[in-house]
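**Q** Make the full structure from the sequences, and use the hints.
Here the protein sequences line up with chains D and C, keeping their order. All residue numbers in the first sequence are consecutive under the numbering used here, ending with 807. All residue numbers in the second sequence are consecutive under the numbering used here, ending with 610.
No lab work stands behind these hints: they were computed from the structure. Be aware that a few hints might be false.
[Unchecked claim] Part of the chain D face toward chain C, derived, beta carbon under 8 Å:
#1 R469
#2 P471
#3 R474
#4 F527
#5 G586
#6 R590
#7 M669
#8 R670
#9 S677
#10 I719
#11 L721
#12 I734
#13 R736
#14 W738
[As the list claims (entries may be wrong)] According to the in silico footprint, chain D covers these stretches of chain C (three or more CB under 8 Å from chain D):
#15 526–538
#16 547–554
#17 585–593
This structure is a prediction, so every number in the text was calculated from the model and none was measured. Backbone N, C-alpha and C define an ideal beta-carbon position, used for all residues, glycine too.
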Amino acid sequence: MSAEFDCAVVGAGVMGASVALPLARAGMRVVVFDRGPICREASGVNAGTLTMQMTRAALIPYALKAWELWMDAPRWLGLGVGTERRDGLSVAFTEAEVAILEARAAARRAAGAPIVLIDGAEARRIEPGLTDRALRAGHCPVDGFASAYLTGRAFRLALAASGATLREATPVLGAERSGGMFRLRLDGGGTVMARRLVLAGGVWLEEMAGWFGIALPIKVLVNQLAVTERMPPVMRSVLGIASGLLSLKQYPNGTVLIGGGWQGRGGRHDGRGDGFVPEALLGNIRLAVFVMPALRRARIVRAWLGLEAETEDALPLLGPLPGVADAWIIGSVHSGYTSGPFMGQLLADAILGRAPALPLFPPERLLARKDAA
Amino acid sequence: MRPDLAVLGAGPAGATAALVAAGHGLSVVLIDENGAAGGQVWRAPAPHLDGGGEARQGGALRAALAASPVVHRARATAWMIAREGEAWRVDLVREGRAETVTARGLVIATGAHERIIPFPGWTLPGVIGLAGATVLLKANGVLPGRRSVVAGAGPLLYLVAAALLKAGGTVAAVVDLAARRDWLAALPALAARPDLLRQGLLWRARLAASAVPVLARHAIAAAEGEKRLAAVLVAPVDAKGRLRPGAAARRIEADSLAVGHGLVPETAATRLLRLPHRYDAARGGWCAVRDVSLAAPAPALWLAGEVGGIGGAAVAELEGRMAGLAAAQALGAASTPAAAALASVVVALARARRAGAAMAAMMRPREGMVDDIAPGTIICRCEDVTRAELDAAIAAGARTLDQLKQWTRCGMGPCQGRMCGEAAGALLAAAVGGRERAGQWTGRPPLRPVAADALVGDFDYADIPIPAPAPP
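**A** Structure below.
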């Protein structure tokens, strides 16, 4: 016997879960598959930064909407994910970095992010522990962070309450059109039939698009992160640097999360955590200590890797799957955690036949580029 | 440093492996966080103390190390291990500075840590682990209190109780999870080790001479006190460690409680390397998997001693010998070990493992113990996570230990889950159908918390190799 659903979502990260939730709430019979536990990859292990200054300019309108959603998570999600509103600072230490900062801030301001450039002294008024070596900083009051590790718990309860079926630890091996439906083949031999299909597999979207003969190359970033033991308050803002290779914040419990995208080794086939690079951790922590000297007293208690997906043009996959009726794709978004809840709603609106509030990012552009090459 | 062999852990297994490998001509670096070799069991005694037989064995080991070409990196915190090219790279911090050891071969001999299953009041000052008590007594010659209760499982109970008496303390009671007949059943296996048997009987005789009550098949129901421990409640338990319903608890006044429910293999390093582990309750829980010559399924890597299962000091020493010989052979040492040398270790190990297995079984996890943990009792003391919070997360759908950690912060603190892992694992196992299904916490660096100051050293902004920025 095989069950029938209105929509099957493959991938229970923040993207897949954010599509599934409004669909289920609109009355669809929805099933969400994940090969592991819900939100246990990028959605659960990212740095939780909800910042405009590291979001690509083209995605700022989406990130602003999603930021409101995250800050208001208990209302629409049920449980919160520990979000905190904070000032965001992006700091430059050299003239070259000041130039980068100015260009990036201008592009984001034009897209709607309320970023203003301030001098080092002003930045230290906002963040008293900041190094005195800062020349300039971008300041954005729309910033903050979540505790990403709480994401799965919140979405799991919300999905259950919405009536959606969540099947964790259930890898989907493939899917094909069959009699106006999709047949999903499950690891272990079962099949599931669904009228619509949403591919939301993060770094594994390349393989999933391949089920339908679609070549969508996805680059994988292996981001290293580290967290300190609890320490007395040393900072209150969300700190980054102009080049983007640092994200720094102190949680209310006293731990300081150090990230920014220093690269480990490995990829989507290795499983996360096998390619930890000590030099990259060292570089990341040196940068953190340079920016916030009080962190010299910190003790690193844990470090880990998370995989981040990126398309060829570093813009999202968000829209209909080309040439496959009733199939959709979402993911591979830089700062995808920040924008996830809003992008999920956008795609759900499109699936439900409603006009999305902002344009989608249909994947055709990447196929066309491929053909032209 | 670029030795032939790096050895992690200077207990009986690691130190012996280092000595044997060096004896065959390999250059060896021995890394350990303590000031002197010997590990927990052969810990160096305070200068004014006679530590007894174990200290003498440790003393002989320390003398042999001092006379050997082994480079002993003491007081070193190894925080990262990785395969780099054709070598093993160990990153460590020592005397406030970062160091890297790159070696052709690696022996992991990280030993064991204590299991403590929480009970009400277990976080009160005055409650310490049996292992902690042995450190105080052996290394520092300090009594944990004037009037102590010693509770839990295994031979450490009697070692600690006897040492307390010898140091001039009062032992109000020994509270043993095992029944008398459990000990009697272990006797045949101990016959192969008359030394252990004699030692155990000596400890018992010392307790009897001081009229110390031994409460068999009993456990701590609660520890009481306002600001620190004042008394413990003890009550009878069944074979699975569950308090007998309706049985009266008795109150024993004490200012110190030394408690330990057995030993658990210290697998942070083997989990970090994503090596296979097997759950074997009779050997302490999750054990790293090795083959007969102690080789791990990875190039030039050997796992010696209790990281592969609880077995005691004699087994650990022999496994150290085996790993040292195997490394000398595999890494092409100047003097190739004779086949007869390996064969004699195999024979001796088989004998020692029988006695070790009997003692490990006395210290096995008793699955009933977590049933009695009250909802308000703290499981994770680093992060103040109670049983009720863990139960709520399990009810909300947490199905793996990693998920439980994410949803509650249990295990995220400075002890990195060493203190709470056994209780959290047992609670989850009860819900998902066994420890294998609940899984292990994924190993992450650092292996121990490491000071940022030591890692970064002196540097300037220009020294930081900042990669190219992402696209705008």
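**Q** Going through the earlier hints one by one, which of them does the structure break, listed in rising order?
**A** Numbers 1, 7 and 8, in rising order.
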